[in-house]
Amino acid sequence: MAKERTNGEVLLDVDNISLSFGGVQAIQDVSFDVLRGEVRAIIGPNGAGKSSMLNCINGFYHPQKGTITYKGVKRSQMRTHEAAAQGIARTFQNIALFKGMSTLDNIMTGRNLKMKVNFLLQALYLGPARREELEHREFVEKIIDFLEIQAIRKTPVGRLPYGLQKRVELGRALAAEPELLLLDEPMAGMNTEEKEDMSRFILDVSDEFGTTIVLIEHDMGVVMDLSDRVVVLDYGKKIADGTPDEVRTNPDVIDAYLGVAHD
Amino acid sequence: MPDTPEESRVAATDATLDTLPKLLLDRAARSPDRDAIREKDLGIWQAWTWREYRDQVRAFACGLAALGFKRGDRLAIIGDNRPQLYGAMCAAQALGGIPVPVYQDSVAEEMQYVLEHAEVRFALAEDQEQVDKLLEIKDRCALLETLIYEDDRGLRHYDQPFLHGFAQVQARGREFDASNPGHFEAEVAKGRGGDVAIILYTSGTTGRPKGVMLTHDNVVITARNSAAADGLRPDDEVLAYLPMAWVGDNIFSVGQAFVTGFCVSCPESGATVMHDMNEIGPTYFFAPPRIFENLLTTVMIRMEDASALKRKLFRYFMAHARRVGVDILDGKPVSFTDRLLYRLGDVLIYGPLKNTLGLSRIRIAYTAGEAIGPEIFEFYRSLGINIKQLYGQTEAAVFVTMQPNGEVKPDTVGKPAPGVEIKIADNGEVLYRSPGVFECYYKNPEATAETKTADGWVHTGDAGFFDADGHLKIIDRAKDVGKLNDGSMFAPKYIENKLKFFPEIKEAVVFGQGRDYVSAFVNIDLEAVGSWAERHGMPYSSYQDLASRPQVLDIVQECVEKVNADLAGDERLSGSQIRRFLILHKELDADDGELTRTRKVRRNTVHERYKVLIDALYSDAKRARVETEMTFEDGRKGTIKGDVEIRDARTHAVLAKAS
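From first to last, the protein sequence lines stand for chains A and B. Counting from 1, one number per residue, gives the positions in the first sequence under this note's numbering. Counting from 1, one number per residue, gives the positions in the second sequence under this note's numbering.
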């Protein structure tokens with residue numbers, strides 16, 4: 001696999017983050033960084049704090065302790081839409097699409113932030129609104145072509161099988177032209193063939209657009225094949241960080257996954 | 001081709017335009033701004049006019065020349081129907097080279113055979129998937145030098161020096177063209193009608209594929225004759241969705257398009273064909289019976305889900321169409337009230353239905369390759385869709401017989417096509433001779449000698465006869481027509497087709513040669529039977545699961561018994577009634593070598609692989625256990641095991657000879 005995806009610049013730096021909900025300590029003093037252009041995986045058993053970590057990165061949760069530095073700027077209480085405006089997009093563990101809308105319209109919603117003209121002009125479909133709509137439509141069509149979902153362009157996503165819905169969700173995230181793409185279990189519930197397809201799309205996104213990707217995944221085979229570096233969380237703590245090979249042979253990781261009794 | 005009937009040469013309109021590239025240049029000069037070929041890209045139909053088509057071909061041809069492509073070189077072309085790939089085919093021909101289109105779903109090993117056998121030096125692949133296959137076999141194909149890809153998606157990190165992008169090759173070609181003016185024209189002018197235009201590998205039901213060499217004369221003259229016979233016009237619309245490696249595509253999407261100047265549209269992807277067809281509204285359409293069957297099945301399944309009123313309307317008007325529709329289409333007398341009712345039906349049912357199917361503008365539709373179920377055939381004709389049958393072969397550049405307008409019967413394949421002579425050999429085999437008859441099989445003189453006689457007659461290998469109206473009727477492969485132990489005639493294909501006409505049955509293989517009675521393997525149609533299971537609240541997990549359900553066996557048994565009743569009515573075939581049958585535990589698959597790429601059953605392979613089951617059919621066993629190796633799409637192998645139930649079907653008394 002091509003390993004020269006990154007130029008070594010740090011895009012995102014997570015420093016000593018802690019997050020708790022009441023008495024539950026979801027994340028405890030976790031630090032790691034994400035280099036521009038790399039595919040970074042976060043793995044760990046159920047309840048390890050992986051999704052919470054993504055929610056911190058895109059500003060949905062606000063950690064009580066620690067700092068997140070994105071593109072060299074330390075950020076404080078950021079909102080999700082600000083994260084989106086800065087070029088962070090994500091997909092969800094439980095698909096969050098508009099079920100009654102077509103694939104095309106769903107992906108189009110991903111362009112929302114890029115739309116400049118006001119609501120009134122859009123509703124009337126006048127001059128600049130029309131021009132803008134066409135530009136966005138073209139971009140969305142490129143994504144549809146890229147993800148090979150031409151055949152379901154006009155199909156309401158609620159009618160699509162699960163694997164395709166996941167693909168549409170990826171498409172919507174891509175529509176925002178993100179610099180940092182957060183994928184929460186992009187392959188959960190897929191069969192082998194669908195997983196292979198999705199893996200190929202993720203690698204292609206990385207290759208074609210140079211997008212930095214942080215992904216959470218349970219399928220170890222997929223993680224080891226896709227990612228450049230892996231962070232391992234367990235009970236909210238970081239227990240390992242390194243290349244797939246380093247992580248694979250780390251005794252703590254093996255313990256966490258095989259469930260050796262902690263004393 | 002010394003043995004061509006002289007009159008068909010005269011029929012060619014302009015003898016100086018004897019190659020496909022010359023025809024293209026002529027088209028570009030005469031109607032430069034008409035659309036020539038379209039493709040749906042980024043959701044929008046993008047067209048090349050004839051002038052653009054020529055310029056694209058020119059740039060690519062010059063690029064090939066710059067890369068060292070010489071006269072007689074072969075260019076393999078692997079991919080879906082794309083304007084660039086059609087253009088590349090013509091570019092190779094312009095340089096006096098020979099395109100060799102390869103079925104895009106071939107696995108690497110099959111591709112290797114074709115590329116090695118055809119001694120291919122240059123290959124054009126549509127995308128990464130095909131490039132990967134080519135890279136995999138490149139070391140084993142000693143002559144393969146240069147690979148070109150059309151879509152660069154995912155290929156950014158491929159740095160092999162012999163790998164070039166289509167656009168880069170064209171850019172080099174434009175430079176080459178600028179520094180070698182006149183080179184392109186000179187090369188095109190060197191072409192002769194007798195030059196080989198294309199090598200098409202036929203998958204064949206036995207043995208290795210054979211490379212059929214067709215000359216420009218074969219393609220151009222056949223295209224001219226057939227276009228004239230059907231009155232094709234420049235404003236016709238065609239959808240190019242069948243494999244480029246199939247002879248028909250080279251006639252319908254290239255030969256006839258160049259000769260008449262109609263526009264060819266390439267679908268966006270294999271999965272969008274039906275939708276694209278609906279947008280384009282082709283006027284001239286070709287599909288194997290399978291596609292017409294699938295369309296009908298989809299319509300029927302969706303009608304089951306429609307509201308009661310719609311179902312009623314549909315049934316009422318379809319019954320009316322069955323009664324008078326075909327006569328109206330054939331211009332036969334029909335009473336005024338019936339005509340009026342048909343008109344109403346057209347507004348309410350037939351019109352919208354045809355529109356949904358993308359068939360509202362059809363003037364001429366053809367089906368061939370296999371027998372089509374009479375009910376399916378009548379269904380389309382009764383809607384006013386002029387679907388006809390033709391009988392053709394790669395070796396004939398498609399046309400052997402075709403049904404003229406107004407003389408269409410469901411059980412024949414029509415009259416000899418223009419310029420074609422036909423005779424029936426003593427053993428019942430059909431032989432033909434025509435301007436489309438191929439030059440020879442590439443590097444296979446034995447096979448050529450077996451198939452083509454010295455004076456140009458080609459053995460079709462099919463048994464048939466002419467009916468009273470001079471229409472040819474094909475019964476089976478000549479070599480497959482055999483005898484049961486009691487001496488009665490056994491025509492397996494004939495029986496299999498009767499079985500396959502039931503929507504529930506997708507594939508059937510019958511046995512009987514040198515046996516006491518006839519028995520059958522059946523593949524159910526997963527879509528049709530699956531939908532039935534859904535409606536009856538019967539959950540199932542897989543094909544194998546569904547195929548082993550007793551209720552499904554009951555359905556198939558009913559079909560088998562209907563076929564038996566039908567066969568009993570025919571004196572010669574009543575001995576071939578199916579005594580025992582089973583439903584196979586897996587679908588017959590081309591990847592396992594059980595079907596050809598065009599989905600015809602390979603009898604020998606099936607015989608070998610399922611010997612256990614055949615033995616069981618000819619014993620008293622009620623069940624049989626079987627284990628079969630199967631190949632997945634990515635080439636990995638696995639085994640599939642199953643316990644198969646064998647059923648006895650009711651047969652009917654053989655009709656007394658006296659009756």
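Hints were generated in silico from the structure; no laboratory data involved. Where hints are given, some of them may not hold.
Derived BS3-like pairs (lysine-lysine); straight-line CA-CA distance at most 30 angstroms [what the hints assert, rightly or not]:
no.	chain 1	residue 1	chain 2	residue 2
1	A	K99	B	K40
2	B	K483	A	K154
3	B	K312	B	K70
4	A	K195	B	K354
5	A	K154	B	K40
6	B	K443	B	K354
7	B	K637	B	K562
8	A	K142	B	K415
9	A	K71	A	K116
10	B	K483	B	K443
11	B	K190	A	K99
12	A	K195	B	K415
13	B	K473	B	K622
14	A	K74	A	K142
15	B	K443	B	K415
16	B	K40	A	K114
17	B	K190	B	K586
18	A	K195	B	K562
19	B	K423	B	K354
20	B	K354	B	K40
21	B	K332	B	K473
22	A	K99	A	K65
23	B	K586	B	K622
24	B	K637	A	K195
25	B	K443	B	K473
26	B	K443	B	K332
27	A	K154	B	K354
28	A	K114	A	K154
29	B	K483	B	K473
30	B	K637	B	K600
31	B	K190	B	K70
32	B	K310	A	K195
Note that the structure is predicted; figures quoted are calculated from it, not measured.
For a C-alpha distance cap of 30 angstroms, please report whether K71 (chain A) and K116 (chain A) respect it.
holds (24 angstroms)
Given the hinted pair K637 (chain B) and K195 (chain A), is their Cα-Cα distance within 30 angstroms?
Since the Cα atoms of K637 (chain B) and K195 (chain A) sit roughly 19 angstroms apart, the hinted pair holds (cutoff 30 angstroms).
Given hint K70 (chain B) paired with K312 (chain B) - CA-CA distance at most 30 angstroms
violated (65 angstroms)
Straight-line Cα separation of K154 (chain A) and K40 (chain B) no greater than 30 angstroms?
Roughly 15 angstroms between the alpha carbons, so the hint for K154 (chain A) and K40 (chain B) holds.
Hey, K190 (chain B) versus K99 (chain A), does the alpha-carbon distance stay inside 30 angstroms?
With a Cα-Cα distance of about 61 angstroms, the restraint between K190 (chain B) and K99 (chain A) is violated, given a limit of 30 angstroms.
Sort out whether K354 (chain B) lies within 30 angstroms of K154 (chain A), counting only the CA atoms.
OK: K154 (chain A) and K354 (chain B) at ~20 angstroms, within 30 angstroms.
Given the hint that K483 (chain B) pairs with K443 (chain B), does the C-alpha gap stay at or below 30 angstroms?
Between K483 (chain B) and K443 (chain B) the Cα gap is close to 35 angstroms, so the pair fails against 30 angstroms, i.e. violated.
Do the alpha carbons of K310 (chain B) and K195 (chain A) lie within 30 angstroms of each other, as the hint requires?
At roughly 41 angstroms apart (the allowed maximum being 30 angstroms), K195 (chain A) and K310 (chain B) break the hint.
Would the hint linking K190 (chain B) and K586 (chain B) be met if the CA-CA limit is 30 angstroms?
This hinted pair is violated, its Cα atoms lying about 53 angstroms apart.
Within 30 angstroms, alpha carbon to alpha carbon, are K332 (chain B) and K473 (chain B)?
holds (24 angstroms)
Next pair to validate is K40 (chain B) with K114 (chain A); report whether the Cα-Cα distance is within 30 angstroms.
holds (26 angstroms)
Is the straight-line distance between the alpha-carbon of K190 (chain B) and that of K70 (chain B) 30 angstroms or less?
With Cα atoms ~13 angstroms apart, K190 (chain B) and K70 (chain B) stay inside 30 angstroms; holds.
When held up to the earlier numbered hints, the structure conflicts with 2, 3, 4, 6, 7, 8, 10, 11, 12, 13, 14, 15, 17, 18, 19, 22, 25, 26, 32 and fits the remainder.
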